[in-house]
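There are 8 protein chains.
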Amino acid sequence: MPDNRVLYEILQQVRDGALDPAAAEQLIGSLPVGTIANLDIGRTDRCGIPEVILAEGKDIDSLVKIMHSYACATGRAIASRILPEQVQAILATLPQGIIADYREIGHILILSDGTMPEPSGGTVAIVTAGTSDIRVAEEARIIAEEMGAAVLTAYDVGVAGIHRLFPALERLKTADIYVVCAGREGTLPSVVAGLVNKPVIGVPVSTGYGYMGQGEAALAAMLQSCAAVTVVNIDAGFTAGIVAARTVALIGRNS
Amino acid sequence: MPDNRVLYEILQQVRDGALDPAAAEQLIGSLPVGTIANLDIGRTDRCGIPEVILAEGKDIDSLVKIMHSYACATGRAIASRILPEQVQAILATLPQGIIADYREIGHILILSDGTMPEPSGGTVAIVTAGTSDIRVAEEARIIAEEMGAAVLTAYDVGVAGIHRLFPALERLKTADIYVVCAGREGTLPSVVAGLVNKPVIGVPVSTGYGYMGQGEAALAAMLQSCAAVTVVNIDAGFTAGIVAARTVALIGRNS
Amino acid sequence: MPDNRVLYEILQQVRDGALDPAAAEQLIGSLPVGTIANLDIGRTDRCGIPEVILAEGKDIDSLVKIMHSYACATGRAIASRILPEQVQAILATLPQGIIADYREIGHILILSDGTMPEPSGGTVAIVTAGTSDIRVAEEARIIAEEMGAAVLTAYDVGVAGIHRLFPALERLKTADIYVVCAGREGTLPSVVAGLVNKPVIGVPVSTGYGYMGQGEAALAAMLQSCAAVTVVNIDAGFTAGIVAARTVALIGRNS
Amino acid sequence: MPDNRVLYEILQQVRDGALDPAAAEQLIGSLPVGTIANLDIGRTDRCGIPEVILAEGKDIDSLVKIMHSYACATGRAIASRILPEQVQAILATLPQGIIADYREIGHILILSDGTMPEPSGGTVAIVTAGTSDIRVAEEARIIAEEMGAAVLTAYDVGVAGIHRLFPALERLKTADIYVVCAGREGTLPSVVAGLVNKPVIGVPVSTGYGYMGQGEAALAAMLQSCAAVTVVNIDAGFTAGIVAARTVALIGRNS
Amino acid sequence: MPDNRVLYEILQQVRDGALDPAAAEQLIGSLPVGTIANLDIGRTDRCGIPEVILAEGKDIDSLVKIMHSYACATGRAIASRILPEQVQAILATLPQGIIADYREIGHILILSDGTMPEPSGGTVAIVTAGTSDIRVAEEARIIAEEMGAAVLTAYDVGVAGIHRLFPALERLKTADIYVVCAGREGTLPSVVAGLVNKPVIGVPVSTGYGYMGQGEAALAAMLQSCAAVTVVNIDAGFTAGIVAARTVALIGRNS
Amino acid sequence: MPDNRVLYEILQQVRDGALDPAAAEQLIGSLPVGTIANLDIGRTDRCGIPEVILAEGKDIDSLVKIMHSYACATGRAIASRILPEQVQAILATLPQGIIADYREIGHILILSDGTMPEPSGGTVAIVTAGTSDIRVAEEARIIAEEMGAAVLTAYDVGVAGIHRLFPALERLKTADIYVVCAGREGTLPSVVAGLVNKPVIGVPVSTGYGYMGQGEAALAAMLQSCAAVTVVNIDAGFTAGIVAARTVALIGRNS
Amino acid sequence: MPDNRVLYEILQQVRDGALDPAAAEQLIGSLPVGTIANLDIGRTDRCGIPEVILAEGKDIDSLVKIMHSYACATGRAIASRILPEQVQAILATLPQGIIADYREIGHILILSDGTMPEPSGGTVAIVTAGTSDIRVAEEARIIAEEMGAAVLTAYDVGVAGIHRLFPALERLKTADIYVVCAGREGTLPSVVAGLVNKPVIGVPVSTGYGYMGQGEAALAAMLQSCAAVTVVNIDAGFTAGIVAARTVALIGRNS
Amino acid sequence: MPDNRVLYEILQQVRDGALDPAAAEQLIGSLPVGTIANLDIGRTDRCGIPEVILAEGKDIDSLVKIMHSYACATGRAIASRILPEQVQAILATLPQGIIADYREIGHILILSDGTMPEPSGGTVAIVTAGTSDIRVAEEARIIAEEMGAAVLTAYDVGVAGIHRLFPALERLKTADIYVVCAGREGTLPSVVAGLVNKPVIGVPVSTGYGYMGQGEAALAAMLQSCAAVTVVNIDAGFTAGIVAARTVALIGRNS
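Residue numbers (our numbering), protein chains in the order written: chain A, 1 to 255; chain B, 256 to 510; chain C, 511 to 765; chain D, 766 to 1020; chain E, 1021 to 1275; chain F, 1276 to 1530; chain G, 1531 to 1785; chain H, 1786 to 2040.
Incorrect hints may have been included.
[Stated by the list, open to error] Derived lysine to any residue pairs resembling SDA-like cross-links, with alpha carbons at most 20 Å apart:
1) A:K65 x G:E1700
2) H:K1958 x H:N1982
3) F:K1340 x B:Y410
[As the list claims (entries may be wrong)] Computed, partial: chain A to chain C, Cβ under 10 Å:
4) I105
5) G208
6) G210
7) G213
Hints were generated in silico from the structure; no laboratory data involved.
Quick caveat, the model's predicted, so the values are computed rather than measured.
Cβ coordinates follow ideal geometry from the N, Cα and C atoms, glycine included.
All chains, full assembly: derive it from the sequences and hints.
Written as structure tokens, this is what we have:
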């Protein structure tokens, strides 16, 4: 890891008399904190998460600048919850050597230098209860794939017609973790967690109406679930995708 | 119905000159409103619901007086959410000819003159997800039976072990309506409503903990249910029992 | 029921040696779960509810495809909370032999092959407190009629001018169940439930303003009602219509 | 008014040379603000409300001291929401010449020098939906009487048995204002306001259970009422009593 | 009152043999309930409130029809929360003999036959904390004037510059009741109620932002006020105006 | 799996003529649904979760019976949120051959036949912000260990003294997943998730006071976290423990 | 201060016989309350806050009038949360001698006579977690500068990349108070307060989505913070700026 | 600062060859993060706050151990929200040389080695609206004094009798910051902030009842205040005391 090298080199220079202890103290103090205090934690790929920008609520100029900078600096930049006009502005001035990939349903734009994510060695299943949940599921799928996970999907298999669920689960049975997106009463993650013995992440979706109809009922039901489910924020497909990818990466790392 | 007779007799007396129109006007104005304005609505058994007293929050003296009065006047008085000390006080001064029946699990006390409710001609199924929901289910069962409904029950058949549900539903298949009690995430009413083609009433139960854990999550999930479920207040087994009994009474009435 | 036949035929083929037990096991495992495990529950008309699509929040392309598929496959498809532009898109490419019926006030579009619902043998009364509640009431009326119920309506008879209510109830007195829609303080269902001895479903409507003015106050009041009322989600005329139709179907079934 | 006199005397002393303008400026600045700036507003009986102490949450020593001080200083002190042990402590050391009047149901203790409130010239009607609301109604009644209002009451006339309401309203028809206390769904104030053409104050009461069952549903319903009702805090019989008394005092003042 | 006459005439016809008792029973049953059961309550001017239509959320066609009907039938119709396009539609087809008066700030349209409200004999003071509260205050003012109250106003005298309040209260000191409109933290009604000994109605206004910034904080503060204030729904100037007018009408009636 | 065998045997009997197809149909219909429809899903160890009873809210008699039954039938029974008196009752009648293990801090009682859980092959780190969070963390630890996970803990290393966190994380660096328990503002899971590249489960704890002080603020902060965290219900150490154990089991399974 | 002089002159005139005590009493009563009762409190610069108008929700005509009046009368007027069209209208009729300064990011318009605020002698640090928080931070910065504070800023240094924070704090280390703006989970103020020993004001920002995603989670987390933070309303950069400026003014005043 | 010295010495040892660079890297990595990365931030007195333990919710054994450890290690330990039985246990085993000071009203226990806090050079005013707010105010006072601030108090001067406020503010006029505690509608901080030009911290207190009566209304009103107030959590006198002390310390530091 280069970070280690920076500190090590400073120390070597002190030893070699090339650097004064006081100056070294100054230098070390100016490094990013993670770098120093926790050597094996603060490595460049500290969290293994590609830089993702929440485009929603950002003005276009700032967003263009941020996306282009990240893409050029790291070879990869992802914007979530991006609007068409934001996409257009970014594409209009795309830096040379940067490729844009716009996933309309998931409202995600990926800029990259053309390199592909390295496979991490596990499989994420992404399931939705209805068709309205797909936009959130796609957010999860894209980020998980960007982090190197293999992804299987089964959309629109909700409990209203529970017979659609069983063959879907059969098809997904090689998955190591399940991301289950559901709005309204948010039952599906509980049902899935009762049928598989893998981790299940519930993603409440803001489809519904009336009382607690913006995903709150789904969130509450998932939190109260008798089955073993962990939950992310309403519509947070993105967060679910990251955690799922991190989870399946455990397998590659340990195998 | 005597109410009709009262009005009719007034009118006859006017016709016969025994009563002055002005005096009759006065008299009619002093009658209970339902009596007059809506002759077929305002009958004694207007709503077919036995008088039920919410004991919770009532001081003992008032409760004893109310229960004894109703029991003596109408031959029947029911107290719900009654505490043991309230029961004791009522039993201690039980009027002659009145029989007390204390249903401990449902926290209900029934005073009666020994007559039994007349069968209404239909069957109510009462289902609970867990054992903690039984106290609420019993409230529903007792009031439904008091109103003449036949009741079948299947307790502790929740979705955590969904395989317990199917044989239960098979056993309940002659029911005309389902009252389904569930706490935590409140999924069971939705599942039942997806499997039967009879009316389903969801009863959210205040079992759970943490976020919306006093039945609110269950209430929200039932209201947001994709399946066709109607809902009552949290722990309102009593209300569900009345509506279920009213519903099955339609069958007896129409057959 | 054809479902039964499928299983029965598999079993006969096994008996006749035409099918290997292992292959049969495989086949049975691949059938929809309701089909097999609960023979009398999993029948085609399992829930007696026509397929209804919540158009709100669906993109136009998906909606058109779903509606046309259902209509062609089953002879009937209903979209609720549909927007004019969604209607237009569906009508523009209406498959041959499919008839469209757009109910503007209830925001419902019905596609059918021209067959009419079979009468189920009971009567639903639909009542509204104000004129703003009619759009929700119409949703209930249309779905109930689609399920074969006879429907009587009395709109704008709320408690502000309670004298309008009594003749309305008189006119509706042959109804077997009442669906009562009300916004603001949501009193009307309680009042109706105190005057009739039939089941009453309260539908809170999102008319109002200020504190809990999007139907929440009405919902809360109906849930807390001293009268025996069951409740559906805010604006969920659709759910109320289904449950009401299911309820009155009990009569036809039992008579 | 003595306050005026203080200022007037200061001014006279300045005129007489007995007081330096600078010293007078100092003195005036140190007077209570109401005294000076708004002469006709800041009079002793500024608001016509007897001093009432919220006993709830106060430690006994402080409460005893406050009550005795007020009683001795002004001839009258009222404690609301008082607990039996607080009452005992106050009675145990009752100052000479002070009479105690403990109203158990309303949880109010009145200390006085024996003088009676002067009649203000109007009539307040206090109505409750159920028996559980009486403790709150009594709070309203006592404070209204303390402020000189005549009070008529009709308790337990709620809409569940709406026929009990009409004769009650007939009996109360000389009232100038109605204070209507109701828990659960809080319908009664709206109904009363639709039947009388006098001001109506709704008092939500914390009787109920489940969802919004501590008076919140009643509060919401009263605020959303289509009828013309003003509302006070949950269980705030005390506030309703003051406003009602102030209102009927308008009549005495203007007649 | 004609209602009385209807009943009286029925009774006379029975006496005269012109009407059969059974037919009379039928007839009486078909009359509006208020008419009969509560003779002195159910009079035409039962509540003294002009018919006011909440225009918000109504479709234009219905609104035009309702407004014109009421105006023609009763000589007066008021629409609150009306939008410019709704006003235009109503004016475009104004029935002959009907005069329209559009109060833009208060979003109110008054149709009338040119008659003026009869003075009721008391004075309402309407006060606002800021300029943003004026639209709500105007709603209160217009309806109060329509009901015959004299109205004094003091706008933009909130506690941020409390020195503006005192001369305002001095100017309003002949008022019999105060309607005080305030958004944000909603302090002004409490302050006014602490300075006058007349009834005060607090109107929370939906001006503010952030946490409970749509009037909820103001509502909560008014309900929790230590001073004697009654409260109406957020932005419900209309309700406050009615209650204030009813209150001052007590004076005229009793003097 | 025996389940398969049952179905297979039925089919074989049909083939052999020992069973009539109609009788077989009946038999198959009576089996648990998971058994048949989804052969590889419905296996005995379907979810790999030991049976855990939520003792809270259960009456003692039922609890004793349930615990003893499970322990005898499956060799293992766990009760969470158990009270001392419930423990005593269970111990008083402990069946022969059953060993009880009471974990006081975690409020968990484990009954077993003495067998130990089989190691699953991964490591769970459990971290708490403060000492008050330990009771919840222990719940997670015990269930994770019961499911065969190795567990490392670091308690009381919250962000108030963030310097305590870094050496703790260093010590935990072999963990495959982090369960982080925090009350008050619930920051710790976010901080941890920003420093490690493994999955992090946040457990909001009900320590705190005032506004959203029962864990709601912590829950909200974890759901809104910019870092990749999944969340469970407030105080749901138990759920977090299951999911963590399921996650690390992936490693054993795949290595 | 002229206010003092007014009262003093009145008193002198009384002493000189030029004014009758009764007339003086009248005069004093008509003065603004602050003027008299609290001489050293009621000074013109009572609170040291420039007049700031919340433009949001104000109609353009009123706003133009208010801004121009204040600017002309006091030499300074500030509008916050101003819309572009409101700015245009104000600029279109700018009074002579008034200079306009529109800060687009902070949505603030400052009108002045060209004078600059007098330096107050301390330094405010304004910090944001992300770029979306800058609009709120700018509001704080502008008002603080208007009140004479020196301001240092460090934007986009949130805990997601906590290594950015440390050098930022180093750069801000001369600050006397920290205003820290953060949305989502609102962690940054707590972290800063744990690292500095100066007062910290947390400003929750309405950036986020889903559950409590309009700044509520951030508000809750800041209120529950274990670190010593005071909080303002969501997005209330303006309030934070005033308090920060008042705080640093203590230094100038005391040095 | 000793921390600096540790790092400096490590570096010197490397220079002197006494320590290998690799070993030094290891050593540096094991130091607390604040120590190294932010030399001038991570000093021992980093935040100037005495260690305070929230006793509420802690079991007695842990609490005793924590308090005694801190007291012995640092010469000072403070427990807030402490119960009498917790105090007793701590006093029963008080380590030698440690003095206990129990402030009953504020529910605070201070252990110390007898040294007094060093005066910080400024004055905090603590004000309460009522007597019920004093327990919270005392918490603020004690911690502020512990941090070296001079404290002035004015209790029970709320706006209900606003005339009590003005002389109180006069008496407090030398204060540099105001901590204002108020329950119910929480008006007092706003009023004070409108009358002084110093920073004001509002402390909502959980005195009240009914709707938002546990301090929520006060919190909301303070957050919505038009005046410049910062706010702490409900009942968080402790936090307010720290921030106030930090604020007045600016004066000592800068003078």
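Can we keep the G208 (chain A) interface hint, with Cβ of chain C closer than 10 Å?
-> holds (8 Å)
Straight-line alpha-carbon gap K1958 (chain H) to N1982 (chain H), limit 20 Å = Distance of about 10 Å is within 20 Å: holds.
Taking the least C-beta to C-beta distance, is I105 (chain A) closer than 10 Å to chain C?
-> Result: holds, 9 Å to nearest chain C Cβ.
Identify whether the interface hint at G213 (chain A) stands, where standing means a beta carbon of chain C within less than 10 Å of its own.
-> holds (7 Å)
Hint consistency between K1340 (chain F) and Y410 (chain B) [alpha-carbon to alpha-carbon, up to 20 Å] = holds (16 Å)
Given the hint that K65 (chain A) pairs with E1700 (chain G), does the C-alpha gap stay at or below 20 Å?
-> Distance of about 27 Å is beyond 20 Å: violated.
Agreement of hint G210 (chain A) with chain C interface, Cβ distance less than 10 Å | holds (3 Å)
Violated hint: 1 only; the structure is consistent with all others.
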